[in-house]
Structures are given as C-alpha cells and as structure tokens.
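Visitor: Here is what each chain is made of, one letter per residue.
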Amino acid sequence: MKPITIIIIPLIILLLCMAAVLFKKDRISFQTFFVWFLIWLATAFVFIFPDVINIFSDFLGFNNRMLFVFTVTIVVLLVMAFMNFAKNKQNELTLIKLIQHVSLLASSLEEQKEKDTDENRHHHRRVQ
Amino acid sequence: MKIVITIAAYNEENIIGSVLQQIPSEYDVIVVDDGSTDKTREICKSYGATVVKHVINLGQGAAVLTGFRKALEGNYDYIIEMDGDGQHDPADIPRFIELLEKHPEIDIVVGSRILGSSYKAPFFRRTFLPVFTGIINKITGYQLTDSMSGFRVFRANSLRRCHSLINEFLEPQYLASEMFIKFSRENLVVSEIPIHISSRGFGMSYKGLVRYGWGVTRTIIRTIMQVQ
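In order, the protein sequences belong to chains U and E. All you need for this note's numbering is the position in the first sequence, starting with 1, plus 11. All you need for this note's numbering is the position in the second sequence, starting with 1, plus 1397.
Think of the hints as simulated: they come from the structure by calculation, not from any bench. Note that the coordinates shown come from a computational prediction; the quantities given were computed from them, not determined experimentally. The C-beta atom is built at its ideal place from N, Cα and C for all residues, glycine as well.
Label-pair ranges, simulated between beta-carbon atoms: (1) Ile1532/E x Phe81/U: 40 to 46 Å; (2) Tyr1424/E x Lys35/U: 55 to 61 Å; (3) His112/U x Gly1445/E: 22 to 28 Å; (4) Ile1532/E x Asp37/U: 44 to 50 Å; (5) Asn1584/E x Lys35/U: 50 to 56 Å; (6) Val138/U x Glu1470/E: 28 to 34 Å; (7) Ile1532/E x Thr16/U: 56 to 62 Å; (8) Gly1531/E x Thr84/U: 43 to 49 Å; (9) Thr1434/E x Glu125/U: 22 to 28 Å; (10) Arg1582/E x Ser40/U: 34 to 40 Å; (11) Thr1614/E x Phe93/U: 17 to 23 Å.
Chain E residues, not near chain U, derived (Cβ > 10 Å throughout): (12) Lys1436; (13) Arg1492; (14) Lys1535; (15) Arg1558; (16) Ser1595.
Lysine-lysine pairs mimicking DSSO-like chemistry, simulated, CA-CA at most 30 Å apart: (17) Lys124/U x Lys1436/E; (18) Lys1450/E x Lys100/U; (19) Lys108/U x Lys1399/E; (20) Lys1579/E x Lys100/U; (21) Lys1579/E x Lys98/U.
Isolated chain E (complex conformation):
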C-alpha cells in the first residue's frame, strides 16, 4: 500500500521541520511551498520531502491542488492532505486508512475537529463553521460536521477519476467548499472521523475571519452557478 502526504506550506520555517519529523518514514511526503520567502523549501528538502515550489503565493487551495497533481503522477493508493502548521497529528493517519480499507465504497475521509473533543476554536470560527458546514451539507447531501477541515484522506483512484475536475477548480484560496460540491456531483462518498487538533504552534492564521467567511460564501455561490 503506497501512501503520500501532501502539505501546503507558506512561510512555515519555524514549524514545518517538526511536522515532517513526526511523519513516519513509510509515507512519502510532498510539500508544496506556496511562494515562501523564508527557508521552508530548504528545511523540507533536508527532511527528504519532495518539494514543489510556486514562484509566487497563489493561495492554499491552489497549493493543495498542485500537491494532488504531483501525487497523482505517482502510483499511490491514498493521498493525504495535511496542514503545514502543526495542527494535525500524523498519528491519526492509520485510523483514516483503516476506515478506507474497511469500506471500499468510501472515497474521502475528512478529519473532523468537531467530532474530536480537544478542539477549542475561536468564537467566530466556532459559530460560523457549523453554518457553512450546514450549507455545504444542504447542497451536497453529505452529512459532515466539519467541511473546512484541512486534514483529509483521498482514495487516489477516486481523485484520478475526477482528474479533469482537479484541473478545473476555480478557487485558489477556499478550496473545501468547491471541492465538496463538485465531488458530490461525481457521486463520491465522504465520511468523517474525529481528529486531534493542537493549537497552531509557531505559525499565525493568515486569514481574517471576515475575509474567510466572505471567501467561503463567494465560493459556494460561484460553484453552485458553475455546476448547475
């Protein structure tokens, strides 16, 4: 079984090393350096990760998609998407894989911060996350609790099946909403498991919450218009 982890990173030199250190050696790692101006690329290289570097900052969504495209070039069974800021615990990965192995009908497993008990989100995020997730559920028919989680595992063949979709994604920043709406149109099956979240170690959040809310709303509206 071949597994690859894709990490989108932007100026994460302080934390990316410890993230990569925690990842077991049996997993291949692709880091998409989204136009960092610090030593993110060099640090990732020193840990043996494959690094794809964007010459300028395109946004997290675009970086994640580049990671998927790179991963799909390889002969992997599962593609894992993780954040580069140390929030996600690689120790959770076997539970994702176990679920996918047990249930061949599942295409994507999302790590839910809501199902996991240790997540203490800021007030606005705690309030708006269920709202946006509810909207996504209404549109897609999925029953998610955390549609914005950046810890997801994809069956590589399912992504290969939607390869054209991956190339047609429009939203360079707020990918999750667009992804779920489009995947639901392809009848991909999504499931969730609880994950452990640690507070952001050294990195800071680059998205203001208002901007985030507006970006997600805009993405939902645009994707609905596009898929109709």
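Okay, chain U solo, but in the shape it has when bound:
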C-alpha cells in the first residue's frame, strides 16, 4: 500500500462518517447522502486499486491516465457547481417568497394590534 493510500483512506472514512451523521441528523436527504456515499466509496476504491483507472481510461479512449483523471474531476466539479448554482437560485426565490409572506403577516398583525389599542382607548373613555 502506497503512503498516499494510507493518508487518503482515513480521510475518506471520516467523510463517509460525516455524510452518515448529516443524514442521521436530517440535514441532508437520503438521495444526497447516497450520492456522496457512492462518490467517497468510488474515490477510496480508486486509491486502493489505482489500476482500475487504466480500464476506464482505455475504454473511453484516453491515451493518458492523468488526462482521464483530470477530465473526470473537472466534469464532476462543473456538474456539482451547476447543481449548487441551481439550488442556490431556487433557495433565493423561496427566501424572497418567505420574506414577502412574513412581511405581509407582520403588517396585518401590527394593524390588528393598532385597531385593538384604539378600541381599548374608546372603551376606557366610555367607562370613564
């Protein structure tokens, strides 16, 4: 086993545990957990059996193993960045709708409170 494998494997185990804890605490969905679980497992597999890359790079027509690794990495990162961007935009829209809703609700409550205060004042005047 190469030194890099010895360094990487505990790190991947840690990341797998983190994903499991996040899922357990309901911070991420099962799908997200499952995807990350597969990603970390595949990474560990590649570090334990580096020759497996040759099979894939030859199959996909890459002459250079490193080029294959870089290409796959960049594609995966770009896909993840795009997914994050899309999710971020969706969250932004949800946040806008939420703020609008809360603002309207707060305004209605404030109006009701002012109305109640006025009514109370009238009532006190009548009693006096």
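Got chain U; can you put chain E on it based on the hints?
Guide: Just chain E, lined up with the frame of chain U:
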C-alpha cells in the same frame, strides 16, 4: 370608489415624506419598505401610511409585488403603483382613474414619460428605453411608448383575476418586462397617458444602466421561455 397607492421605497428618508405629503388624503397608501436601514419606515408611519417592511432588501420588483398583495387584501377598486423617490406627481392620478372609469375594457394604465414632454432622460436611458419597449411591444402586441415606467394604475379586479400570476413572478428586480409579457398572455388591456416627471430629488439611482439593460434582457428571455 376605493383607491390605494403602493410605493416601494428603499432608503428614501430624505424624500418619502414630501412624496406622502403630496398625496391627497382620500387615497390609502401602502409603503413597502424594502429593507431600508434609515428612517423610511418611521417617516411613512408618521404620515399614516400602512407600512410593510421587508427585513432585507429584495429588489424593487419584489417590493412592488408585496405592495400588490397587501393591496389585494383590501377591498379596493384601483391599485396605483408609484415610485418613492418623488419622480411621480400624484396630481396625475385623477387622469388615470378618469380613463379607467371611461373605458371599462382597460385593465392597466401606464404613465408614459415619453408622451409627457417634460422628461429629460439621461442619454443611455433615452436610447435604450425605446429599444426595450419595442421588444416588449413585439412580444406582447401592446403599443406602449414607455414599458419601464413605474407609474401605473391597475384595475384591482384585473389583478385579482391574475392573483396566481402575482405569486409566481420570478424577477425580484426588473418586474415590468415580466409583468407585461405575462399580462398579455392573460389578455389584459393596457393603455397609456402622458405623465409629468420631476428629476429625482434627493434619492440616487441604484441601478447602473448596463446592469439595468442586462437585467431587462435576461428577464425578457426568461419570461418568454417560461410562458411558451
């Protein structure tokens, strides 16, 4: 006849008071304070306006929509949208209402700065406004001269009819383009009258013109994709 004016305001403490002062007392006023960090809210309250406050700045479009939603909670006949920076003259409002009363088929009246003679826009705005308005006209079939004007009067029932649309607007900043495209799909009738514009008193323009142009273009493309 019940009329409400909705004003979207962001850090307009220097000018909002004089805007509210000019508004005749027969109109109800809703100010949407779009996350101001100054005393805009307190000043509006002191003039008796209903204030809806966004906790953070969402953009003018989002603030206008919040204003519409608040106005639709009330039993109003007409909803007026005005800017909070003192550009629009409340004295123009009766002419809007008169047109809507005379022509029940009209749903929205837009105050056109182009038809009004006193508007001296900066060069870029003067150049790009007709371009964007032309694009909007081409898409919607309307014959507007100023699609980006923020002085508009809506028949409340027409907005109620499109209530789901109001909740589905996507663009928090450049609302006008999205609004006209979507309203045209609902067959709402739009007309224009000339309005008087005064130069921005104390407020400053928060939108760079390049950013504005890009934002409007993006909104048009996205709305077309959405309604297809």
